[in-house]
Amino acid sequence: MRAIGAVLAAALVLGQAGSVAAQEDSSGAALVERVGSLNPGPDVVRRVLEDPETFNHLLDRLAGSGGAGWRLLQDLHVRFKTFEAADADTRGLGFAYGFDKVVQRQAFDTAGTAYTGLDFHLQSAGNVAFRSAINPRDFLNTGATLALQRSRGGTTATTEAERRTLGQLEQKLALYETEAEIRASPEMRQYLEIVAPHLGTQLALELGASAKLESDQKFEQKQYAYAAQLGLDLKAWNRSSALARWNLFDWPAAILRYLAGTDPRFTPRGSNIPTIRLALARVDPSENDGREALGVTSSYTRFNLEAAYRSLVAHVGDGDFFLESDLRWYHELGAPSVIRTAGLDEFTYFAAALTSTQGPFVSYSAGRLPLDAASDQVYELGWKLDF
Amino acid sequence: MPKKKRAARAATRAPVAPPAAAVPTAAAPAADTTFEWSPNNRACTATWMALRMLDQSVRPFRPSGAVRMRQLTYFNAAASDDMRRFLAGTLAKQLDNFFRQIDGARFEDGTDPVAALSDLSEALLAAEQSMADLAMVVDQDYRFWEEDEA
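Those protein sequences? They're chains A and B, same order as listed. Numbering-wise (our numbering), the first sequence opens with residue 1 and increments by one. Numbering-wise (our numbering), the second sequence opens with residue 1 and increments by one.
These are computed hints drawn from the structure, not numbers from a lab. Among the hints, erroneous ones may be present.
[As the list claims (entries may be wrong)] Label-pair distances were calculated between CB atoms; the ranges are: (1) A:Glu-193 - B:Asp-112: 30 to 36 Å; (2) B:Arg-106 - A:Ser-132: 24 to 30 Å; (3) A:Gln-358 - B:Asp-109: 38 to 44 Å; (4) B:Arg-106 - A:Ile-255: 16 to 22 Å; (5) B:Asp-109 - A:Ser-298: 17 to 23 Å.
Every residue, glycine too, gets a C-beta built ideally from N, C-alpha and C.
All chains, full assembly: derive it from the sequences and hints.
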């Protein structure tokens, strides 16, 4: 136990040392020297073991960066975190995981800005608390999806003379040390004059079929969902376009950017038009306690909607502040009255956060996902560190 | 992952901007230790400027090498994994459009649209990967204008 604690304490020290440590000698000898000097007692070991960042740091080191490390860990994205029960008195360690691997991909049309292709991928995602009772979002899903993807538009081609000029301008602009210098530079003005007319609107569609197992983390409750899904992502990359200027969803963020001095004028962006995914699923509730208790165990049809939005609200100093939100709605079509009365025909989950690349964040989430026992409201105010 | 560019071509690439020694490079993580976040590398400047023009990150070039994917505008941590994968796919396609249609880049030998888009999507989905890591992927898959002249 003491040896494990020593290694974990060393990992924490290395993590706290941040990017500097990453460049320093982290060989075995150096590690042993650091651990030896720590001589961690039981309290230190406990604190280290309770800190999710300890495990995140170890995972990052195992997974490596940009190709090194364990292949599985690169595809399986795991982040340890602290869960807090609804009564706020109980906390515990757990992790969120996500695995998404494209097994096969084929393109049919790649001319110009067009792309039409077919993907088959495996995926799994969810939250797991080491004490399942304190998991406020106890919903895992695992399955496979076959998706037809199509993208149109986004840019028009520049001339060879323009390309040569752009290459030279990019390299000159890369030498400026501050954002103010870049914005005031003649090179940026010339760059925008050339590029802006070539930025257009991109429409991406995804039409897919999926089969997934939905469960709680103990797999005591589970159901199978077979869905047809449609994704819509419209991006007006040119800020002068009507779609960008009338992106009402971005108006509040545009006002904040203007007030913060990030944008010199009120400039809504079309690059953050909310993205929507819809699905119509046939659900087989093989082991769903809630439905079994009501005597309704037959398959049913469910409509899913997810809408996501994220936008920059201020660029202050070296930090960016973002407003992000996500809404998920699950609605059973033609649900029996007994299901409606029990509130099992509809699940709504909403999350919103103000995040910063500098560390501070505020987040709020409410509602529940299918198989969640109860609806929760979770507020978080914290600080995220980049190791 | 596509084959790596020939080291010889990279070594003989004529710098358009002032010598690299005049511009300190960012301490960005990258598995390929020979890859450098440098204003003399077109893949780096093109990646940086494309992400800037697509409203993903607004920073000067030098510190941008260390910006992580989760710090780009598209990366919505509140959304489901399905949603993030879809968003990454859209942005990957638009980056490909930007490199080929606006910057005039071509695919490296042995790379095709499917491979390039897969590489871009995977890189964008890796929350902790840096812009320098993304530029390394771009460098492996795309050949930019000045690189043809080297």
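* Structure versus earlier hints, numbers of those that do not hold, lowest first -> Of the numbered hints, 2, 4, 5 do not hold.
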